[in-house]
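Chemist: As a plain string of letters, each chain reads:
Number of protein chains: 4
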Amino acid sequence: MKIGFLGLGNMGGPMALNLVKAGHQLTVFDLSKPAVDQLVEAGATAADTIAALAKSDVELIITMLPAAQHVKSVYLGDEGLLAHVSPKVRLIDSSTIDPMSAREVEAAASKHGNLMLDAPVSGGTGGAAAGTLTFMVGGEQADFDAALPVLQAMGKNIVHCGPAGNGQVAKVANNMLLAISMIGTAEAMNLGVSLGMDPKVLAGIINTSSGRCWSSDTYNPYPGVMDSAPASRGYSGGFGTDLMLKDLGLATDAAKQARQPVILGALAQQLYQTFSGQGNGALDFSAIIKLYAGGKDE
Amino acid sequence: MKIGFLGLGNMGGPMALNLVKAGHQLTVFDLSKPAVDQLVEAGATAADTIAALAKSDVELIITMLPAAQHVKSVYLGDEGLLAHVSPKVRLIDSSTIDPMSAREVEAAASKHGNLMLDAPVSGGTGGAAAGTLTFMVGGEQADFDAALPVLQAMGKNIVHCGPAGNGQVAKVANNMLLAISMIGTAEAMNLGVSLGMDPKVLAGIINTSSGRCWSSDTYNPYPGVMDSAPASRGYSGGFGTDLMLKDLGLATDAAKQARQPVILGALAQQLYQTFSGQGNGALDFSAIIKLYAGGKDE
Amino acid sequence: MKIGFLGLGNMGGPMALNLVKAGHQLTVFDLSKPAVDQLVEAGATAADTIAALAKSDVELIITMLPAAQHVKSVYLGDEGLLAHVSPKVRLIDSSTIDPMSAREVEAAASKHGNLMLDAPVSGGTGGAAAGTLTFMVGGEQADFDAALPVLQAMGKNIVHCGPAGNGQVAKVANNMLLAISMIGTAEAMNLGVSLGMDPKVLAGIINTSSGRCWSSDTYNPYPGVMDSAPASRGYSGGFGTDLMLKDLGLATDAAKQARQPVILGALAQQLYQTFSGQGNGALDFSAIIKLYAGGKDE
Amino acid sequence: MKIGFLGLGNMGGPMALNLVKAGHQLTVFDLSKPAVDQLVEAGATAADTIAALAKSDVELIITMLPAAQHVKSVYLGDEGLLAHVSPKVRLIDSSTIDPMSAREVEAAASKHGNLMLDAPVSGGTGGAAAGTLTFMVGGEQADFDAALPVLQAMGKNIVHCGPAGNGQVAKVANNMLLAISMIGTAEAMNLGVSLGMDPKVLAGIINTSSGRCWSSDTYNPYPGVMDSAPASRGYSGGFGTDLMLKDLGLATDAAKQARQPVILGALAQQLYQTFSGQGNGALDFSAIIKLYAGGKDE
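Residue numbers (this note's numbering), protein chains in the order written: chain V, 1 to 298; chain R, 1 to 298; chain D, 1 to 298; chain P, 1 to 298.
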């Protein structure tokens, strides 16, 4: 299929490469020349401007951008996609942004005649490279069905979450719970160890009991409990503290607009902000356990 | 085996019955005559006092009491177990109490020559009746091995957590994480639904993503998501709010003594205290989602 | 002086009336005809549109609007003030909005040649009627000096907080601390009373000790402690829960943009959201003490 | 008057000295010989044991001990005060302990025939030396009246808080509110400064507005705002972080026993525990502002 791809960063670059590998014809755009060059070497065509990409003969355009302000600018700006694209072209935004902004852009696309999906991902740069991302997709069922084969070239788990914006809703709700569970796991592990338990034994018990969660059984934050987790390699790699902080900002913003309390969610945001402010923004988000220094030295 | 059993409440009663059914000879004590009568009908022998039970020819005594003050009184009081029991008798306390108190009682037992295990359970009254409890056991390995067949008559999952007191440590750490996960799941579910998602779809996504936890995939607090959960029967039955509040009190107390911060744990305790104070102490602990009334009516 | 006044709501209406009473010639605009009529009866002139007001011969325009979106629209819109006003006219925005939006609008005004102040108020509708408001003012010193006599017709305490936007900064910082102190006072009062103290005696001790704060000594949330406080008249009147919730939203948003943790501030926001979601949004903000029902009935 | 004084630490030593200076005849006891020697040099008599002090001809005994366990041991132990003192001797405990323990000891004293007051202090070592402490006193009015002249030799502000235990209640309630206000002030100051305000200007505005509190107007935690505050001398001296942490532990314990939620109070305790665990336990409690490192470096 002829696909336009906009945004070739740490996530978008590998995702676009997987589309090329799957045999699609890609036209790409990014402000970074090296990022574009890498795709061109792999067989993609470069577009000079967003408008040029919009006016090319692609059937589908995928965007992967850092934040809502970029998504709004790229879609709604005077030189943006909707100003130049044909109504026949389908649109997929894989950026992680707040649900309200996603719905605002999708409403504009719909008014212009374009079918649009919001399809944020989870799985990190590793999943992007391996083509094993999870896509949480909002939009019409038929549009989802049509997009499925393309998304499957980049991911393994493709979930339809309901109408427009629901992909973003699912992502912020899941990631807020993830942050809460991770901090809770950090507290429970540190509490148990400070009271005399072996961390592996404690993790084993939790993982077969009602405290079990992804943060305890798949990504345990206590060093040495799981060889494969960032905790066992100095909290390098993985999903960064500042990315989690961004997602918690989206969750609490969305909650505010919905007038929905998220008490632990807001506290999790503040704890990640505190931890980031102490210079740890680049560490994996499971490093939050380091905020809990007490107990061991006394 | 000849076993003494002290404390025939909602949990202890069914546990003792399972021991009788498994062919053990029980001598029982409780302040409640009906509770004792039920066991006697099933084949047990009644002891008139704690001292009488201690002086009978039992090889093992199991206690199941409401709180640390009762455990201390029953074991350490002038008319208590240690004052009258032979050093040969092995002791198991299945009460849920703070680890420090457990270790204090076990040290006294050890000084008196008795081997003692702390073996708190999870699984609720349903698990007690069905004989499917989880036992988290602290004490010496040989003593654990010797007690295993007896514990297996009352439970399915018997875990050795390390030296004396570690059963209690494992329980408070697990249950604190459980409370945090439950509140986090409640917030994430309410947030998603208030932003337009179907609760079953949202739960399905979380349960295959990184937010997955026992509270989301086995005991979801949102009504209608899981037929088997208390949320789908008005939050009746299950594990009561006030019981969770008690366990959170044990966790934060133990954390204070260990000088270990448990930020979300302490907030969870306060939210359960607030919810209980609003008259909901008898509801299942997943009913905490009702504290989050906002979002829907606006 | 010839003054334009835009926004004649609960606060703006009485403020404009005080300017008329002080002898100023007012040209006013509001979407509500009754609100405009009241000012016209008092001697003001009505403008039909924002553009008409901007093009009239006023020397100064004051705006008092509900939220940042209205401020941006009124100042920056195609039919807004900056599109039609002469560069000689000075501008004062008394709305409470986030500092970043205030600075954005002030930068646009400055580019257009207009001197602009942000001057949010505290003191409520009572202070607006009595002309005893506090104005927290951001902008250049000379512009502040020039505006002082006009502001003194509406308020008693006029404080220069530094350059553009700092009026808003001072207001959100103060009100966030106010919310935290109020909840803290509610907790301390309820704790003391539940442990057996007389509320008046407790308040008296706190008010001469290190716990002393405006919420304890001027606006005590415990019923009966202070006859003049909303707590002693069913939490009617005063500063509404939903208004405090709005200000806490501004504070946490500004904190997020500044990457500054506000842990108690964010929790205060969530507690007010929870309380509002339980149907209490119209009560005075000191009613948050009602969230703490526990202790008394047990 | 002939007075016995037990506990000559950082607080008790200077308090006892002030009694000697006021002309009272003191008999003192402490485990530390240097502490006793200092009082003897000033004119006091040393007692060799608690029992000896109890059996001497004193009319009043004052105790100043670190924690509830010491108070219980000194009063209720086999070799303690109540075992040896005449019922005519009046008792005053100035230790800061939980209200329930205070009431337990006072009930035992009352049963033995002794009038007893709980009289915890605030004002720190500086106030102890200068004789300007605040005493919060629980007990009968007549006993309070009788003790007043003695207490006035050690303090400036002597407040009767109601029946036995209420001195402790007033202290824990006040200090919990103090901790919350201090953290709130730290957040508000850091928020304002990170958004561009001068800290002195911001403090000045808060101190004349509704955010005003002792922590902002008398003990501001931002360096340089108040020359007299610990913040302006590296957070040395003052009221230590670990002492505040102890008082927050008493407050949350008392709240738990009263089934009274203290949401911000519990979070304040956790933040002080976190801060202490990062190695700051000896700093003045206003140093908690250092936990909020964010905002400035980004």
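Among the clues, some could well be false.
Put simply, identical chains are the same to the list, so a pair is met inside one copy or across any two.
To be verified - List of simulated lysine to any residue pairs, SDA-like, C-alpha gap at most 20 Å:
no. : residue 1 : residue 2
1   : Lys200    : Val159
2   : Lys256    : Gly281
3   : Lys111    : Lys200
4   : Lys256    : Ala67
Derived from the structure by calculation, the hints contain no laboratory data.
Chemist: Each hint: holds or not?
Modeler: Now for the hints, and whether the structure bears them out:
1. When the C-alpha separation of Lys200 and Val159 is checked against a cutoff of 20 Å, the pair qualifies only between copies, where the shortest distance is 13 Å, while the shortest distance within a copy is 34 Å.
2. Taking the shortest Cα distances, Lys256 and Gly281 sit within 20 Å of each other only across copies (14 Å), while inside one copy they are farther apart (25 Å).
3. For the identical chains of this complex, Lys111 and Lys200 are neighbours neither inside a copy (56 Å) nor across copies (30 Å), given an alpha-carbon limit of 20 Å.
4. In this assembly of identical chains, the alpha carbons of Lys256 and Ala67 lie at most 20 Å apart whether taken from the same copy (18 Å) or from different copies (15 Å).
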